[in-house]
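Between the sequences and the hints, there should be enough to build the whole structure, so can you do that?
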Amino acid sequence: MWSYALKRAGATAITLVAASVIIFAFIHLIPGDPIYVRLGDTATPDQVEAVRHTLGLDQPILVQYFQWVGAVLHGDLGHSIFYDEPILSVIADHAETSVLLATITMIWVLLIGVPVGMIAATRHGSWLDQGLSGLAMLMASVPTFWVGLYMILIFAAWLGWLPSSGFPSLFDRGGIANLRYLLLPSLTLAAPNAALILRLTRASMLDVSREDHVRTARAKGIRPWRVVTHHIFRNALLAVVSAFGFTFAALISEAVVTETVFALPGIGRLVVQSILQRDYPVIQGVVLVIVVLYLVVNFLVDVSYRFLDPRVELQ
Amino acid sequence: MTDVANHSDRRPGLIRLWIGPLLARPVALLGVAILLVVVLFAVAAPLIAPYDPSAYDALIRLSPPNPQHWFGTDQFGRDTLSRVIYSARMALLVGVGVVVFALVTGVPVGVFSALFPRLGQLLMRAIDVLMAFPSLLLALGLIVILGPSVANSIIAIGAGFLTTTARIVYGLALRLKMETYVEAARSMGSRTGWLVLKHVLPNLISPLLVQASFVFAFAQLGAASLDFLGVGAPPNIPSWGNMLAEARNFITRAPWLLFFPGMMIVLTAFALNLVGDALRDRLDPRLRSAFGAER
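Chains F and G supply the protein sequences, listed in that same order.
Quick note on numbering: the working numbering labels position 284 of the first sequence as 1251, and the sequence is numbered without any gaps.
Quick note on numbering: the working numbering labels position 199 of the second sequence as 200, and the sequence is numbered without any gaps.
I should point out that these hints are in silico values taken from the structure, not numbers from a laboratory.
Any given hint could turn out to be false.
If you anchor each label on the Cβ, the simulated ranges turn out as follows [said to hold, decoys possible]: (1) F:P1053 x G:F77: 41 to 51 Å; (2) F:V1259 x G:A59: 46 to 56 Å; (3) G:F77 x F:A978: 46 to 56 Å; (4) F:G1098 x G:P65: 29 to 39 Å; (5) F:K1187 x G:P118: 39 to 49 Å; (6) G:L120 x F:G1101: 37 to 47 Å; (7) F:V1259 x G:P118: 27 to 37 Å; (8) F:T1009 x G:L41: 51 to 61 Å; (9) G:L41 x F:A1186: 22 to 32 Å; (10) G:G148 x F:A985: 37 to 47 Å.
Anything over 10 Å on all C-beta distances counts as not near chain G; from chain F, calculated [to be verified]: (11) S970; (12) V1030; (13) W1035; (14) H1091; (15) S1093; (16) A1107; (17) S1108; (18) W1128; (19) L1129; (20) A1186; (21) F1211; (22) S1220; (23) L1243; (24) L1275.
One side only, chain G facing chain F, incomplete, derived with CB under 8 Å [to be verified]: (25) D129; (26) S150; (27) V151; (28) L245.
Cβ atoms here follow ideal geometry from the backbone N, Cα and C, with glycine treated the same way.
Take a look at the structure:
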């Protein structure tokens, strides 16, 4: 168990180092001189050289990489051109919205996806199953921002039940009630991911229900519902756990769009704004943080999977 | 199972193998029908569209659906129906482009990695590294480097599917390598190139057809997202994503502008998913597992 965790940690570290090279290279691959981006086109050659020297950009590329890594390890992700602040604090300012949005979304995804998938699997082949599966496939084919725009149109503009955009911090006026700002965005973001988990729960429950131990349980006369909850569902849940990493990545991609639709002050919208404002160091910093998070999540999923399913160890 | 005595029987053709399962399943047939309509829109747009998609008419700005303009008009008085029809061209272009990009890059990487394990391990690690970037972030990063354009959208979205395609092909090719007939051919002295052409690639066609339909579907959603964020196709080119990006500003005044382009994206992606599902179910069970349960 521990040796596996250690091995996985090593592999994750290697992937992270390789990814960091790509993220570092990103800023050097953008056409145009980063100094001119920072100073504007009116800068004199002397000014440019001076800034180039202060930033260490006249050093060999390998030295620059290690300087960057060293700074990152000390919590220095660089400086935002637009916000004129350290990037880490810019990210921290946008983190609350994104973390809350992701958490609420995951609650929706699990609350909707798992039970509905379970129902579809137990009624396998029925009209209900076909209807639910069809609906899930439809939800997976809908652009997230389109759902979001309709949510705004119906629940904010027409019915006036919920706010259409923005999110004041929980620490501001309104307190916990400010969570209502995240209701429509989280439901929007949950739709395609709940559909994915629904399909996955259904498929893995059907797989497990064909196994021998389930037949044995039925033959022993255990009540059908207990077979479903104790023998099929528990094993099927493993597949859902293993899909968590994949869902996390999908969530990040879709959050970029959803936060833009609902004008939420989150990390996803920060990326889009930074692209439009040519604030490239911020993009670099955010991508690094997201990749680290993603690799950590995947590592935890892999290790916990081993923990939950002792059979994996035998293979 | 085939009769062993019937050696002379030709293998069932691709058409019989693949059109059959589609015809047998009504929902898949529906998917095919929707796709045919989209193709028809793209090919015959000038014949079908009632108006010039970029003709301005200030007098009829933002008019709701009416007998002259079935889908209404936008903020410049352009006919929405005509723009929806012309946008099918962009949808097909991006879909085909992304599929071709993913196959042309992913298949060689996968096959090569399976055949030459040492270098393959390294290549697959590189694919793992690319997979650490969420697809839209990868696409946005590439757009920043390459600049926004239709061709670059295709590359940016395609890069995300290079990885999945390479992974699937790698898994399949590894399995094919172990098949007795491939080993037999190798032990008889077949060259690697011949092995790939004769035994590996033909067996990859069916699973890649399945993969292609899913990639095509997800490419529609990816392209729409890039267009919506303003970093995809230039705004003067009609595309469903661009239409939605503009419609967003008139969401309460002209909700119909939101409905029709969005519906086209949903129908196209849904149709491709239906077809992909039907094709996957037809697939050899040994190869099917490569796609995972959720795709």
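Each hint, compared with the structure:
no.: 1; hint: F:P1053 x G:F77: 41 to 51 Å; verdict: 44 Å, holds
no.: 2; hint: F:V1259 x G:A59: 46 to 56 Å; verdict: 52 Å, holds
no.: 3; hint: G:F77 x F:A978: 46 to 56 Å; verdict: 54 Å, holds
no.: 4; hint: F:G1098 x G:P65: 29 to 39 Å; verdict: 33 Å, holds
no.: 5; hint: F:K1187 x G:P118: 39 to 49 Å; verdict: 46 Å, holds
no.: 6; hint: G:L120 x F:G1101: 37 to 47 Å; verdict: 44 Å, holds
no.: 7; hint: F:V1259 x G:P118: 27 to 37 Å; verdict: 30 Å, holds
no.: 8; hint: F:T1009 x G:L41: 51 to 61 Å; verdict: 54 Å, holds
no.: 9; hint: G:L41 x F:A1186: 22 to 32 Å; verdict: 56 Å, violated
no.: 10; hint: G:G148 x F:A985: 37 to 47 Å; verdict: 26 Å, violated
no.: 11; hint: S970; verdict: 20 Å, holds
no.: 12; hint: V1030; verdict: 23 Å, holds
no.: 13; hint: W1035; verdict: 17 Å, holds
no.: 14; hint: H1091; verdict: 14 Å, holds
no.: 15; hint: S1093; verdict: 16 Å, holds
no.: 16; hint: A1107; verdict: 7 Å, violated
no.: 17; hint: S1108; verdict: 4 Å, violated
no.: 18; hint: W1128; verdict: 15 Å, holds
no.: 19; hint: L1129; verdict: 15 Å, holds
no.: 20; hint: A1186; verdict: 26 Å, holds
no.: 21; hint: F1211; verdict: 12 Å, holds
no.: 22; hint: S1220; verdict: 4 Å, violated
no.: 23; hint: L1243; verdict: 7 Å, violated
no.: 24; hint: L1275; verdict: 18 Å, holds
no.: 25; hint: D129; verdict: 6 Å, holds
no.: 26; hint: S150; verdict: 13 Å, violated
no.: 27; hint: V151; verdict: 18 Å, violated
no.: 28; hint: L245; verdict: 6 Å, holds
Of the numbered hints given earlier, the model fails hints 9, 10, 16, 17, 22, 23, 26 and 27; all others are met.
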